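Just so you know, the protein sequences line up as chains A and B, in that order.
When we follow my numbering, the leftmost residue of the first sequence carries the number 1, and every step to the right adds one.
When we follow my numbering, the leftmost residue of the second sequence carries the number 1, and every step to the right adds one.
Don't read these hints as lab results, they were simulated from the structure.
Note that the structure is predicted; figures quoted are calculated from it, not measured.
Ideal placement from N, C-alpha and C gives every residue a C-beta, glycine not left out.
Wrong hints could be hidden among the right ones.
Stated by the list, open to error - Per the computed footprint, the stretches of chain A lying under chain B, defined by three or more beta-carbons under 8 Å from a beta-carbon of chain B, are: (1) 102-108; (2) 259-270; (3) 316-323.
Stated by the list, open to error - When the alpha-carbon atoms are kept at most 30 Å apart in a straight line, the in silico BS3-like pairs for lysine-lysine are as follows: (4) Lys-69/A to Lys-207/B; (5) Lys-69/A to Lys-189/A; (6) Lys-116/A to Lys-207/B.
Claimed, not checked - Some chain A residues well away from chain B (every beta-carbon gap over 10 Å; in silico): (7) Asn-193; (8) Ala-211; (9) Ser-291; (10) Phe-304.
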Amino acid sequence: MTDFRVSRRHFLHGASALGAVGLLGATSRPALAAGVTIGIVYVGPRDDFGWNQAHAVAIKALKSLPGVKAVEEENVAETDACAKAMESMVNLDGANIVLGTSFGYFTPFMADLAKKYPKVEFRHAAPLWDATKHPKNLGSYFGYLNQAHYVDGIAAGLSTKSNKLGFVAAKPISSVLSNINSFLLGARKVNPNATVQVIFTGDWSLPVREAEATNALIDAGCDVITCHVDGPKVVIETAEKRGAKTCGHNASQAPLAPKGFITGAEYKWETIYKSYAEKLAKGEPLPNMLSGGYDSDMVMNTAFGAGASDEARKAATAAIADLKAKKPIYVGPLKDNTGKLVIEKTYDNYDPYLDQMNYLLEGVVGSLT
Amino acid sequence: MQEAARAIVPAPIAKEGASEVWLRLRRDSEFIAIPLLALSGAAFLFSLFLFAIGKNPIEFFELVYRGGFGTAFSIQNTLQRSAPLILTALAVAIPARIGMVMIGGEGALVIGGFASAAIAIPMIDRFPPMLALIIMAVVGSLAGAVWVGIAGFLRHARGVNETISSLLLTYIGVAIMNFFVEGSLRDLTNPNKPSTKPLGDVYMVGKIPGTDVHWGLFAGIVIAIGLHVLMTRTTFGFAARMTGGNPRAARAQGLPVGKLIIACTAIAGACAGLAGFYEVAAIQGRANASLAAGYGFTGILVAFLARHNPIAIIFVAILFGGIVASGGLIQRRMGLPDATVLVLQGMIFLTLLTSETLYGRFAFFQGGAGGERT
Numbered sequence: 001m002t003d004f005r006v007s008r009r010h011f012l013h014g015a016s017a018l019g020a021v022g023l024l025g026a027t028s029r030p031a032l033a034a035g036v037t038i039g040i041v042y043v044g045p046r047d048d049f050g051w052n053q054a055h056a057v058a059i060k061a062l063k064s065l066p067g068v069k070a071v072e073e074e075n076v077a078e079t080d081a082c083a084k085a086m087e088s089m090v091n092l093d094g095a096n097i098v099l100g101t102s103f104g105y106f107t108p109f110m111a112d113l114a115k116k117y118p119k120v121e122f123r124h125a126a127p128l129w130d131a132t133k134h135p136k137n138l139g140s141y142f143g144y145l146n147q148a149h150y151v152d153g154i155a156a157g158l159s160t161k162s163n164k165l166g167f168v169a170a171k172p173i174s175s176v177l178s179n180i181n182s183f184l185l186g187a188r189k190v191n192p193n194a195t196v197q198v199i200f201t202g203d204w205s206l207p208v209r210e211a212e213a214t215n216a217l218i219d220a221g222c223d224v225i226t227c228h229v230d231g232p233k234v235v236i237e238t239a240e241k242r243g244a245k246t247c248g249h250n251a252s253q254a255p256l257a258p259k260g261f262i263t264g265a266e267y268k269w270e271t272i273y274k275s276y277a278e279k280l281a282k283g284e285p286l287p288n289m290l291s292g293g294y295d296s297d298m299v300m301n302t303a304f305g306a307g308a309s310d311e312a313r314k315a316a317t318a319a320i321a322d323l324k325a326k327k328p329i330y331v332g333p334l335k336d337n338t339g340k341l342v343i344e345k346t347y348d349n350y351d352p353y354l355d356q357m358n359y360l361l362e363g364v365v366g367s368l369t
Numbered sequence: 001m002q003e004a005a006r007a008i009v010p011a012p013i014a015k016e017g018a019s020e021v022w023l024r025l026r027r028d029s030e031f032i033a034i035p036l037l038a039l040s041g042a043a044f045l046f047s048l049f050l051f052a053i054g055k056n057p058i059e060f061f062e063l064v065y066r067g068g069f070g071t072a073f074s075i076q077n078t079l080q081r082s083a084p085l086i087l088t089a090l091a092v093a094i095p096a097r098i099g100m101v102m103i104g105g106e107g108a109l110v111i112g113g114f115a116s117a118a119i120a121i122p123m124i125d126r127f128p129p130m131l132a133l134i135i136m137a138v139v140g141s142l143a144g145a146v147w148v149g150i151a152g153f154l155r156h157a158r159g160v161n162e163t164i165s166s167l168l169l170t171y172i173g174v175a176i177m178n179f180f181v182e183g184s185l186r187d188l189t190n191p192n193k194p195s196t197k198p199l200g201d202v203y204m205v206g207k208i209p210g211t212d213v214h215w216g217l218f219a220g221i222v223i224a225i226g227l228h229v230l231m232t233r234t235t236f237g238f239a240a241r242m243t244g245g246n247p248r249a250a251r252a253q254g255l256p257v258g259k260l261i262i263a264c265t266a267i268a269g270a271c272a273g274l275a276g277f278y279e280v281a282a283i284q285g286r287a288n289a290s291l292a293a294g295y296g297f298t299g300i301l302v303a304f305l306a307r308h309n310p311i312a313i314i315f316v317a318i319l320f321g322g323i324v325a326s327g328g329l330i331q332r333r334m335g336l337p338d339a340t341v342l343v344l345q346g347m348i349f350l351t352l353l354t355s356e357t358l359y360g361r362f363a364f365f366q367g368g369a370g371g372e373r374t
């Protein structure tokens, strides 16, 4: 009982202190500079074995840093609910920076909030920020996950027996296409006979269709399956059940496939979030655009699973070293799968031309429409 | 249905004057006391749940208060979240008065929102904003009215179960919107999230002055009051409630049962369609998949909790808005998953349905002496 009272009083004390901060508003915020409070809003559950989990893992790591507090909210819809969740973090928790991790949060919600709270930093996990249109306390961050998918492709190309790889993809937008094409180029680099068959499900999270697509790919002869959907759990589990090998996406799915898991493409948001926290603690300005790949430690590959052969491990490890040395993935000239020349020269891994990708390269079985 | 039947039987007048008023008050208080009892029951059950997972229930309810009602920001947060719920709950309550369990508000909201965004595209930069917004609101409401009206028509003309058909129409509505938003009406300048062309700031519904809450809340309250008057003070409302009580008797009396059913479902759809209009014109500024955010489904819960009374819906929607608004604070402070608030909502719904059996069982509410039951 005593413990209970203490904790309740303690709570009220804390709550009223925070309330006072909220009432004082923006003007009092610099006083908080000693401690940094990071707010983050997820569109799905934190333990989805995918996109949201990748962020949550990074936030968990961040909480261990001294002086850093993190507040999280999951399953927040892309309506004014996300604006209110973020505003609540600013008003009731005194957040110095708010991170939004879903496309639909950016406009109009985060753009409006950034104008309303000019002393708070807002950052969004997709390259949407535009200096000409958006306020300076708003910005974007993202990782070039296609580099990790390229490594996946190398390991997959050496693990397949049928030379047919399967890719379950959400929507035919450039970031997804870039992962598919990079996966193909990785596989082709070590296995020129490899093809990648792709099925688009149409949305970020459609578990039933994801399972159907996985089964269809395996029925078509694919023996390694990977994907780009929000939560790859269903794809990986279905493939494991059917005896196919798998490569992951977004977060670690290694525990889901003890027999067939090869490796997976993972974001390393931790690098980005730590840099934000450190800059805020020092009172330094945050960059509006922050992005990178292997060479800036923003993406990684899941530790190899039982499905990866020694040969695959060696080649994938070498490919990671190459990417850290900024060796290009897109070595031209390359044609798309209708025979059109789409990449006429070799592009740097961060060349903006590649961000506009709207084609599937030769070797990918599937179409955008 | 029972309730509607009871309501149309004239209450026996015990005495004239002040004692009559007192009796009326006692009778009416049953409709407040029993839901409150159910809410307390839900709070108790939920406290047991929290104990079981090792959390402090008092802290939880304090956070619900703080996050939903405790500060000026929290109140605005709550009101803003309750705005669409009032309208989607009315979309359930009005058909319920005529004896129909209509759960297609989500589809009507999506279709209404989409229709108002689509009709806005040719008007942007050509029409004055006020005119454009009025046209959008009318078109959105009409689209919603047609959508739920279809379920009413099918029920009347073909005997199709309206609960199933309205639910299925929801999926069709979402699919139709996605078809256009990802196809012919897609704004190609927004490559990542398929949406219609943005309305732009000039063509948006503003906030209620001095607050952060959009005008949808005001519209919801006015419409709720209006519909309450319609259902209790007009011959239309009387005929509708009588049909809800006993459709065969109503038909025998010569009431146009089919027209009443279609009218009630169309009103319901118009409410949800208008909620869709506000989602587009006050919040999103465009139509996209985010319109299907579940407001239509939460509205079902709100309507049942309010016993399909439009005035009660206003208060219940605000209560629910508060619970949802505080959900975030609970996640953040207590480290509980988002589903916790769903558990609470589920318990409220269960205790409330159970409490239906309590009506008429307490002598106090029955008009005292001899317990004159109606």
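For Ser-291/A, is the shortest beta carbon distance to chain B beyond 10 Å? 15 Å, holds
Is the hinted pair Lys-69/A and Lys-189/A satisfied, with a Cα-Cα distance of at most 30 Å? 44 Å, violated
Quick one, are Lys-116/A and Lys-207/B close enough, alpha carbons at most 30 Å? 14 Å, holds
When you look at the beta carbon of Asn-193/A, is every beta carbon of chain B farther off than 10 Å? 34 Å, holds
Determine whether the non-interface label on Ala-211/A survives the test: each CB of chain B must be over 10 Å from its CB. 19 Å, holds
For the region 259-270 of chain A, does the count of residues with a C-beta closer than 8 Å to a C-beta of chain B reach 3? Answer violated; 0 residues pass the 8 Å Cβ test.
Hey, is Phe-304/A genuinely clear of chain B, shortest beta carbon separation above 10 Å? The claim stands: Phe-304/A keeps its Cβ more than 10 Å from every Cβ of chain B (closest is about 32 Å).
State whether the coverage of the region 102-108 of chain A by chain B holds or is violated, taking the criterion as 3 or more residues with Cβ-Cβ distances under 8 Å. Contact hint for the region 102-108 of chain A vs chain B: holds, 4 residues under 8 Å.
With a cut-off of 8 Å between beta carbons, are at least three residues of the region 316-323 of chain A near chain B? Violated, because only 0 residues of the region 316-323 of chain A bring their Cβ atoms closer than 8 Å to Cβ atoms of chain B.
Straight-line Cα separation of Lys-69/A and Lys-207/B no greater than 30 Å? Status violated; Cα separation ~33 Å.
Going down the numbered hints, you'll see the structure goes against 2, 3, 4 and 5, while the others check out.
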